[in-house]
Amino acid sequence: MEQIPILKIGPVLIVTIQTELHDRKAEELQEAILRRIQKTGASVVTVDITALEIVDSFIGRVLSETARMAKIMDTRVVLVGMRPAVTITLLEMGLELEGIDSAIDIEDGLKKLGFELRKIESPETRSERETMLAGEEAPDYGDD
Amino acid sequence: MEMIEIHIESDIVRARQAARSLAESLGFSILSKTRVATAVSELARNTFTYGGGGSMKLEKISDRTRVGVHCIFVDKGPGIEDIVKAMTPGYTTGKGLGFGLSGSKRLMDDFKIESEVGNGTRIEVIKWK
Amino acid sequence: MIEKCSTLEATESSELLKSLAMNQIPMPFVVVDKASKITYMNPAACKWARKDLKEAIGVMCFSLFPSPDCTLEGRPVSEAMKYDRTVIKQIRVQRGNEMVQTDFTAAPLKDDKGKVIGGLEFVVDITDRLDAESRAQQLRMEILELSTPVLSLWDSILCIPLIGTLDSKRTQDVMEKALVRLAEEKARVIVIDITGVPVIDTMVANHLIRMSSAVKLMGGDCILTGISPATAKTIVHLGINLSSISTCASLSQGLEKGMKIVNKERGTQ
Ligand SMILES: Nc1ncnc2c1ncn2[C@@H]1O[C@H](COP(=O)(O)OP(=O)(O)OP(=O)(O)O)[C@@H](O)[C@H]1O
Ligand SMILES: [Mg+2]
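Listed in order, the protein sequences are those of chains S, H and Y.
Letter by letter, the first sequence follows residues 1 to 144 in our numbering.
Letter by letter, the second sequence follows residues 1 to 129 in our numbering.
Letter by letter, the third sequence follows residues 1 to 269 in our numbering.
Next up, chain S with everything else stripped away, as it sits in the complex (with noise of 0.2 angstroms):
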């Protein structure tokens, strides 16, 4: 099973979910950010889940509750490229996402926090570097 990649670019740490999201996977997400947050003291965390086919209550639950424990470590989650069926939905079952902010896309998302892309250099080359310096400190976790 592949891992999902969390990227550290300055304060930011980048989240990209690019699978189908199962129920234990969605919990080790959780408890893999929480660790980075600690570890790395970002001050936001992005979560794409553009490639997310639907978020069910179980997944909702799980987004809504890693964006309030984050909050709580002093650090914001937002949701990012919730495509439009999947937030209709949500909607039409009843479920509040409670905790989450939500953006178009990254860069918006870092806009909306008062980021700016351009200044930490091209994103790019540092986010690769970032990917190998992350597989090297931290373990984050596999399919173990």
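Keeping only pairs whose Cα atoms sit at most 16 angstroms apart, straight-line, the calculated EDC-like set for lysine to aspartate or glutamate is:
id, chain 1, residue 1, chain 2, residue 2
1, Y, 169, H, 109
2, H, 95, S, 65
3, S, 111, Y, 265
4, Y, 260, Y, 221
5, Y, 216, S, 105
The set of hints was computed from the structure by calculation and includes no laboratory data.
Could you slot chains H and Y with the ligands onto chain S? The hints should help.
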């Protein structure tokens, strides 16, 4: 007709993917496909978590003017004592949000639930295209 | 004319009347025995199958009226005979080289003691009806489409001028369209102008609140404009809580508000 056993957690994903691809093959809109997959995910998870495992029967349904997706979830678990309560948004006996049953009822067109304490639960849902 | 008709009603002519009627029923009509072999069919059925009555008798009905929607066991007429009930199904039936959409009715044929001795089949070509239905449906969609434009008002700002009544179906439609555009264009603000909505009641207000929640979940902001004094009064009198949506009296004020949001994040202010 497809029979999907629900005994381990990843079966929830298999169930919703199967329902989604049936809806897709019948030409459902993106929104309706999402509704079907989400409702199936909820019901399959209940079968797994509360029903102690069971199965989902998935098939195409049609009448004179329409086609749809038809799913039947069956488990031989403890059953539900008070169905009215269980269907109330926000009611849970576990650590969920309690939106699974009421939410999937709203997402689907037909929703039938039968449950007997000690004998298990059977939930039948239909979504028309 | 009237007299002729009345003579036909007389008992001694009833056989003639029956045969005239049978021969002139414009839709195909087939009688089969319990093994589904044809024992009679009317001229309309002969024309459909391109067979004389003589050639048709004794032939299995499904070989003259083949349908891709029927399995051997699942044919309407077998079902009708087996369960002694009328079965109506929408199935495709082959006619020459074409496949025709039909309403296919099958009923059991019973003797005078009520014992099932065979089956009756009627075929109604509904191609035209289905065409008309789908055209009507398309027209409805087009009208709906026309009535809910989503406009690009400014860079990153979309506008939906709502006109007319807002029911659930329409709100759903507007919402879907607006959210798709929001995602596609990565817009930041949606201005909903309700100048053209005659009545705001609790239901409409709930639709608007839901729309705003959806936009927020996707990372945008909703601004409601075009609120007349009358609308403001109704909202307060009905006790509707619009605090979750940002509101303005006029569209231009709404645009200004939207531009402020966009510019602030760009750091140009
Ligand atoms: N198959 C089942 N067998 C036994 N009990 C069930 C079953 N399905 C649901 N229930 C009961 O009904 C309650 C409500 O179910 P529902 O799916 O609405 O909420 P939940 O599963 O508790 O939370 P959520 O689905 O929001 O994560 C459950 O807490 C459980 O007690
Ligand atoms: Mg549940």
